[in-house]
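Chemist: From first to last, the protein sequence lines are chains A and B. full-length UniProt numbering applies: residue 1 is where the first sequence begins, and numbers increase by one. full-length UniProt numbering applies: residue 1 is where the second sequence begins, and numbers increase by one.
Keep in mind that the hints are not guaranteed to be accurate.
[As the list claims (entries may be wrong)] Below, in silico cross-link-like pairs of lysine-lysine (DSS-like), each with a Cα-Cα straight-line distance of 27 Å or less:
| id | chain 1 | residue 1 | chain 2 | residue 2 |
| --- | --- | --- | --- | --- |
| 1 | B | K151 | A | K63 |
| 2 | A | K98 | A | K29 |
| 3 | B | K25 | B | K86 |
| 4 | B | K159 | B | K57 |
| 5 | A | K98 | B | K89 |
| 6 | A | K29 | B | K86 |
| 7 | A | K29 | B | K89 |
| 8 | B | K57 | A | K90 |
| 9 | B | K151 | A | K90 |
| 10 | A | K98 | B | K90 |
| 11 | A | K90 | A | K29 |
Keep in mind the hints are simulated off the structure, nothing from the lab.
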Amino acid sequence: MEMFYEILITVFLVLAGIFGLAGSFGLVKLRDTMQRLHAPTKATTLGVGSVLIASMLYFGLIKGQLSFHELLITIFLFLTAPITANFIAKTYMAMNMKPEDIPETERAYGWAIFEDPPQPVVIDDEGQEGA
Amino acid sequence: MLRRLIPHPIVSILLLIVWILLVNKVTVGNIVLGAFLGLAVPVFTAPYWPDRPKVQKPFKVLEYVLVVLWDIIVANVEVALIILFKPNKKIESHWVNVPLELTSAEAITVLAGTITMTPGTVSAMLSADGGNILVHCLHTNDPDAVRHDIKHRYERRLKEIFP
Chain A
1 MEMFYEILIT VFLVLAGIFG LAGSFGLVKL RDTMQRLHAP TKATTLGVGS VLIASMLYFG
61 LIKGQLSFHE LLITIFLFLT APITANFIAK TYMAMNMKPE DIPETERAYG WAIFEDPPQP
121 VVIDDEGQEG A
Chain B
1 MLRRLIPHPI VSILLLIVWI LLVNKVTVGN IVLGAFLGLA VPVFTAPYWP DRPKVQKPFK
61 VLEYVLVVLW DIIVANVEVA LIILFKPNKK IESHWVNVPL ELTSAEAITV LAGTITMTPG
121 TVSAMLSADG GNILVHCLHT NDPDAVRHDI KHRYERRLKE IFP
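Taking the hints into account, I'd like the entire structure generated from these sequences.
Modeler: Pasting the structure below:
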């Protein structure tokens, strides 16, 4: 049975390696920053995820102690990865793009890096709208 | 008064659980320390997060999490295949403008995070009034289908969770 567990853990580790490698290769291969952004945010999530599953299985099945740290790492990763990607995307766009380069919003307000947000409407004591 | 002391009850409970998972041991001391953190952190961060988001239908949250997890697995395989086997010239990247029906900041944050984690899409920017989201798509032949997917698969479910 130990043998079976070890094979299972190995499968997850190899899978993690493959996805990690694909993500890193994407960083080198793809053409511009926006495309490169896709590689680490996707391919690596499953890469890291597989390592964590392997770690959980190892401690749960072979060492006989249940560990929840991997679960927490997953949650922290899912919370932080999109925000990092969003920051990188916005910085890149603010430095390298003009409003003509991206599609219009087709509404009253343009995209956030080119336009200021609408002024908040303040309603005073008499129920009148003021600035 | 109670509202000022405990501005976000769910966050408090969540912090307690995370703390216990972090120390990986359930003792009275840990629970007390976790409860203290769970009460103190929301009070100190309340100025940055004044409104309490309403979450309805907890089972919908579970359904949403499962759908997204499945999509993340599919996304990983799809993106890895595109990176490894598609020549650069054949990768057609598109910008997709998705008009939003969601209005609460929490719901839009969850949607933007979901878009970034799932099939070949990264959420890049919101419009100035928060009514549109700009999505970058790594490879697609049909940007309208991407928009429909996002609206139908994620936004519809989030609208039920955050009314």
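Chemist: All hints are to be evaluated individually against the structure, with a verdict given for each.
Modeler: Evaluated hints:
no.	hint	in the structure
1	B/K151 to A/K63	45 Å, violated
2	A/K98 to A/K29	25 Å, holds
3	B/K25 to B/K86	48 Å, violated
4	B/K159 to B/K57	11 Å, holds
5	A/K98 to B/K89	24 Å, holds
6	A/K29 to B/K86	10 Å, holds
7	A/K29 to B/K89	11 Å, holds
8	B/K57 to A/K90	34 Å, violated
9	B/K151 to A/K90	22 Å, holds
10	A/K98 to B/K90	25 Å, holds
11	A/K90 to A/K29	22 Å, holds
Hints 1, 3, 8, counting from the list given before, are not met by this structure.
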